[in-house]
Amino acid sequence: MTTQTNVAQNGVNVAALLGAREALSRAPEAARFKWRATSTWLNGTHSRGTVEGFFGLGGEQAHRQRYQFDTDHPEIFASEDNGATPVELVLVALAGCLSAGVAAVAQKRNIQLNSVQATVEAPMDIQGILGIDPDVRNGFDRIKVHYEIDADASAEEIAAIVAQSQKRSAVFDAITNPTEVAVTASKV
Amino acid sequence: MERAGIIDVVVIGAGHSGLAMSRVLSERGVEHVLLERSEVANSWRSERWDSLRLLTPNWLTRLPGYSYSGSEPDGFMSSAQLVEFLSNYAKWSAAPVITDTTVTRLVADGAGYRVSTNRGDWLCRAVVLATGGCSQPLVPRLAEGVPSRVQQLHARAYRNPEQLAPGRVLIVGGSATGVQLAREIQSSGRPVTLSVGEHVRMPRLYRGRDIQWWMLASGLLERRIEEEDDPERARRVPSPQLVGVPGLTLDLNALRSQGVEVVGRLVGIRDGRAQFSGSLQNVCMLADLKLNRLLGAFDDWLDRHGRSLGVAAAERFTPTVLDQAARLELDLSDEVCTVLWATGYRPDYSWLRVPVFDRRGQLKHDRGVSAAGGLYVLGLPYLRRRKSSFIHGAEDDARELGAHLCDFLGVARRAG
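One line per chain: the protein sequences are A and B, in this order.
For the first sequence, our numbering begins at 43 and goes up steadily by one.
For the second sequence, our numbering begins at 1081 and goes up steadily by one.
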């Protein structure tokens, strides 16, 4: 256990997060964000996704720099494997979101993290996407996330941090609950 | 408009909170009336299911100056028994209850308030809202998607299983009401699917004592709202998974061994199919962890204060066991005959025309004291203390708010 005088250093500015929570509860309009990504098809199953700007706090915002993510399929699908498969990026997003939550919750509880390793595994029967069996869904059968955490805390405290991070995770919510998705197209 | 009277204080609602406040005001010699839409303890007469028992044992059922004196201190009152208890209390305390009087409007009027009812207007200096937190059944908007051939009802309209068609029942909500109805309906031969979001798991007995004994003795029920980091969240904590049967624990494990199917929170209904969240495992983990923290706090308290109390050894309960792959969808049209909403209540202040509401339309108050001078609210969950909405919790809140109210009347008098 950490003593009262030590302050955990997980690199999370909890005071800023709590301040934002306080401020946004009084100005709920500023809490309405809009996330965006664009994706350009390159060739075959290879696309390049880009994120740069988003909307929040009442105005246009930008990342420190533009980020790009190549997606493709592996060679066993007769593709060129120029990047992660889109479903793998979903797993990366889930782990990234949960781990951010783990750090923030640990910081708030003044628990020093030494290492946090997430392993995500998601079985999928590709008879679904190949249209072989209509009873098989396209998506994952289930997702398993396992955390190995070295921290100055009891096993129960660590379990509580991981549980709380799920409770506050956007990606966990997006995956576990249905979301209306509207896809449109226009000819250019 | 007919004028019913002029008085210092009007208390609205003759349930346990209103009666407790009335008693406190009488002790202080404050003139008041208690307006009741029907008769004393009305919601306990007409809005409860047949088998309902209180979650607190009889020995803990008490109001200012009055407590349970029967022969079963460890029993739990039925609705009818509570009606009798509250009616006797009203008589004993000579509460000035005016029955069959429905408040239709409450507005500021001069230095005080005008309380309009179906039987004339009352003019008063102060008002105490004691209508409670359970005036209106809450049903989520997604209920609109339930196919029309499926019977739907809120727990407030539920009386007993015979009311329901013989097929599967989807119960939405895993707090006290949901788990109790799941047990009863599954026992009646109707298969139950129970949809569970965040919940509070609690054993009826811990180390041989009723959980309410621990809550009271350890001081947990006395915890004040101002001690909470997040008071709004503390006030939203759902009722624990308890049933008023001595020694009977009613958690998800007990229900599953009875045959109840446990699924995640209901998050959508599409084309007649109910969709359940994939977060069931996490909400159960959260509940198990919180339960263990609670029991740990009891153990610590006992170590510090009560080694001689002679309770049994510390124990921990089996973690919540779930199906490997809980169902994520349920075809309501084909597989379900009844959807039973155990999704809670909200207060109804639609008649309150005083600007004391926040942006989301909720009554703003500081531990029962509204920003409008002389307007008070009583009997809401965690209003001042964790025990605030319990019957035995009414006394301390009523005494403190009563004192505040008397100060206000004194000030108002001097100013007038």
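Among these hints, one or two may not hold up.
[Claimed, not checked] Per label pair, the in silico range of CB-to-CB distance: (1) B:Leu1300 - A:Gln154: 23 to 33 Å; (2) A:Ala73 - B:Leu1443: 18 to 28 Å; (3) B:Asp1414 - A:Lys186: 40 to 50 Å; (4) B:Arg1396 - A:Ser81: 21 to 31 Å.
[What the hints assert, rightly or not] Here are the computed lysine-lysine pairs in the DSS-like style, where the Cα-Cα straight-line distance is at most 27 Å: (5) A:Lys229 - A:Lys76; (6) B:Lys1171 - A:Lys209; (7) A:Lys229 - A:Lys150; (8) A:Lys209 - A:Lys186; (9) A:Lys186 - B:Lys1370; (10) A:Lys229 - A:Lys186; (11) B:Lys1370 - A:Lys150; (12) A:Lys209 - A:Lys76.
[Said to hold, decoys possible] A few chain A residues facing chain B, derived, Cβ under 10 Å: (13) Val178; (14) Asn180; (15) Glu190; (16) Ala193; (17) Asp194; (18) Glu198; (19) Val204.
Think of the hints as simulated: they come from the structure by calculation, not from any bench.
Just so it is clear, CB atoms sit at the ideal spot from N, CA and C, and this is done for glycine as well.
Now the hints, each set against the structure:
1. B:Leu1300 - A:Gln154: 23 to 33 Å: holds, 30 Å
2. A:Ala73 - B:Leu1443: 18 to 28 Å: holds, 23 Å
3. B:Asp1414 - A:Lys186: 40 to 50 Å: The hint (40 to 50 Å, Cβ to Cβ) is violated, given that aspartate 1414 (chain B) and lysine 186 (chain A) are roughly 31 Å apart.
4. B:Arg1396 - A:Ser81: 21 to 31 Å: With Cβ atoms ~50 Å apart, the hint is violated.
5. A:Lys229 - A:Lys76: Given pair lysine 229 (chain A), lysine 76 (chain A) holds - Cα atoms ~25 Å apart, limit 27 Å.
6. B:Lys1171 - A:Lys209: violated, 49 Å
7. A:Lys229 - A:Lys150: violated, 50 Å
8. A:Lys209 - A:Lys186: It holds: about 16 Å lies between the C-alpha atoms, which stays within 27 Å.
9. A:Lys186 - B:Lys1370: holds, 23 Å
10. A:Lys229 - A:Lys186: violated, 40 Å
11. B:Lys1370 - A:Lys150: holds, 17 Å
12. A:Lys209 - A:Lys76: Given that 27 Å is the threshold and the Cα spacing comes to 21 Å, the pair holds.
13. Val178: The hint is violated - valine 178 (chain A) has no Cβ within 10 Å of chain B, the shortest such distance being about 14 Å.
14. Asn180: At about 14 Å, which exceeds the 10 Å cut-off, the nearest Cβ of chain B leaves the hint on asparagine 180 (chain A) violated.
15. Glu190: Violated, because the Cβ-Cβ distance from glutamate 190 (chain A) to chain B comes to roughly 17 Å (cut-off 10 Å).
16. Ala193: Violated, because the Cβ-Cβ distance from alanine 193 (chain A) to chain B comes to roughly 16 Å (cut-off 10 Å).
17. Asp194: violated, 18 Å
18. Glu198: holds, 7 Å
19. Val204: holds, 8 Å
The structure shown violates the earlier hints numbered 3, 4, 6, 7, 10, 13, 14, 15, 16, 17.
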